[in-house]
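S.K.: In case you want the letters, here they are:
Number of protein chains: 2
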Amino acid sequence: MQPASTPEPPYYAVIFTSLRTEIDEGYGDMASRMIDLASEQPDFLGVESARGADGLGITVSYWASEEAIANWRAQAEHRVAQAHGRGKWYEQFITRVAKVERVRHFGR
Amino acid sequence: MQPASTPEPPYYAVIFTSLRTEIDEGYGDMASRMIDLASEQPDFLGVESARGADGLGITVSYWASEEAIANWRAQAEHRVAQAHGRGKWYEQFITRVAKVERVRHFGR
Numbered sequence: 066m067q068p069a070s071t072p073e074p075p076y077y078a079v080i081f082t083s084l085r086t087e088i089d090e091g092y093g094d095m096a097s098r099m100i101d102l103a104s105e106q107p108d109f110l111g112v113e114s115a116r117g118a119d120g121l122g123i124t125v126s127y128w129a130s131e132e133a134i135a136n137w138r139a140q141a142e143h144r145v146a147q148a149h150g151r152g153k154w155y156e157q158f159i160t161r162v163a164k165v166e167r168v169r170h171f172g173r
Numbered sequence: 066m067q068p069a070s071t072p073e074p075p076y077y078a079v080i081f082t083s084l085r086t087e088i089d090e091g092y093g094d095m096a097s098r099m100i101d102l103a104s105e106q107p108d109f110l111g112v113e114s115a116r117g118a119d120g121l122g123i124t125v126s127y128w129a130s131e132e133a134i135a136n137w138r139a140q141a142e143h144r145v146a147q148a149h150g151r152g153k154w155y156e157q158f159i160t161r162v163a164k165v166e167r168v169r170h171f172g173r
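For the protein sequence lines, the chains are Y and U, in the order given.
So in the numbering used here, the last spot in the first sequence is 173, and the numbers never skip.
So in the numbering used here, the last spot in the second sequence is 173, and the numbers never skip.
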């Protein structure tokens, strides 16, 4: 996965930080399916995701509007995944919605 | 590392997404030193960091004010690390400054 190519700000970021349980059943398929499904939603701008060796996971998705975030949160298949997440996959998570105001890039 | 305990919003997030070069010299020491040093700055609220097996790294630091972010960006030892980052450690990075507006928590 590459850093997400996003347009000029302002736009919105959803920062999802999580620790997993030890229950792996179905998790990998769900995680990749949710990235594919998010990518198909209106006003989706990009996504970045990493889980470190210590278990902390960070997924940041970018959206053109707050309405797009509300629609994604309410999307039917995503709601099922959220319920499984609370039921078995996640020990803890924090979701932060933020408005991106400034961006700097570096590349070789 | 745990998800960061932060106060009620609003506050600010700096989302730093990166791909590394193959040059490891000094990188690990710098990365842990910068997390320690950031944690000592005024109005620092917390930090979360993960680098996945595919190489994408995401570090999100949280700050009480935009002034705190500007001060951290200008901090002398941090500026040296930034220069080394551009010079050898990072292939590519994006820094996004965002205002956190809403937060939801889940925990067992």
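Hints listed in this document are in silico derivations from the structure and should not be mistaken for laboratory results.
You may find that some hints are simply not true.
In this list, chains with the same sequence are indistinguishable; a pair is considered to hold if it fits within one copy or across any two.
Quick list of in silico lysine to aspartate or glutamate cross-link-like pairs, DMTMM-like style, CA-CA up to 20 angstroms [unchecked claim]:
1) K164 - D94
2) K153 - E105
3) K164 - E142
4) K153 - E90
5) K164 - E87
6) K164 - D101
7) K153 - D108
8) K153 - E142
9) K164 - D89
10) K153 - D94
11) K153 - E166
12) K153 - E131
13) K164 - D119
14) K164 - E90
15) K153 - E132
16) K153 - E73
Since the structure is predicted, the reported quantities are computational estimates derived from the model, not experimental observations.
S.K.: All hints are to be evaluated individually against the structure, with a verdict given for each.
M.R.: So, going through the hints one by one against the coordinates:
Within a single copy, K164 and D94 get their C-alpha atoms no closer than 30 angstroms, and across copies no closer than 32 angstroms, so neither meets the 20 angstroms cut-off. Neither within a single protomer nor between protomers do K153 and E105 lie at most 20 angstroms apart by alpha-carbon distance, with minima of 26 angstroms and 36 angstroms respectively. In this homomeric assembly, K164 and E142 never come within 20 angstroms of each other (Cα to Cα): the closest approach is 26 angstroms inside a single copy and 29 angstroms across copies. For the homomeric pair K153 and E90, the shortest alpha-carbon distance inside one copy (9 angstroms) is at most 20 angstroms, but the shortest distance between copies (40 angstroms) is not.
In this homomeric assembly, K164 and E87 never come within 20 angstroms of each other (Cα to Cα): the closest approach is 33 angstroms inside a single copy and 33 angstroms across copies. Proximity of K164 to D101 under the C-alpha cut-off of 20 angstroms is found in neither arrangement, the shortest distances being 23 angstroms within a copy and 27 angstroms between copies. Taking the closest pair of Cα atoms, K153 and D108 never come within 20 angstroms of each other, the shortest separation being 30 angstroms inside a single copy and 36 angstroms across copies. In this assembly of identical chains, the alpha carbons of K153 and E142 lie at most 20 angstroms apart only when taken from the same copy (17 angstroms versus 43 angstroms across copies).
In the homo-oligomer, the alpha carbons of K164 and D89 never lie at most 20 angstroms apart, since the shortest distance is 33 angstroms inside one protomer and 33 angstroms across protomers. For the homomeric pair K153 and D94, the shortest alpha-carbon distance inside one copy (14 angstroms) is at most 20 angstroms, but the shortest distance between copies (36 angstroms) is not. Taking the closest pair of Cα atoms, K153 and E166 never come within 20 angstroms of each other, the shortest separation being 35 angstroms inside a single copy and 28 angstroms across copies. For the homomeric pair K153 and E131, neither the shortest alpha-carbon distance inside one copy (28 angstroms) nor that between copies (38 angstroms) is at most 20 angstroms.
For the homomeric pair K164 and D119, neither the shortest alpha-carbon distance inside one copy (28 angstroms) nor that between copies (27 angstroms) is at most 20 angstroms. In this homomeric assembly, K164 and E90 never come within 20 angstroms of each other (Cα to Cα): the closest approach is 34 angstroms inside a single copy and 35 angstroms across copies. Taking the shortest alpha-carbon separations for K153 and E132, neither the intra-copy value of 28 angstroms nor the inter-copy value of 41 angstroms comes in at or below 20 angstroms. Taking identical chains as interchangeable, the C-alpha atoms of K153 and E73 are never at most 20 angstroms apart, the minima being 38 angstroms within one chain and 27 angstroms between chains.
Consistency with the previously given hints fails for numbers 1, 2, 3, 5, 6, 7, 9, 11, 12, 13, 14, 15 and 16, ordered from lowest to highest.
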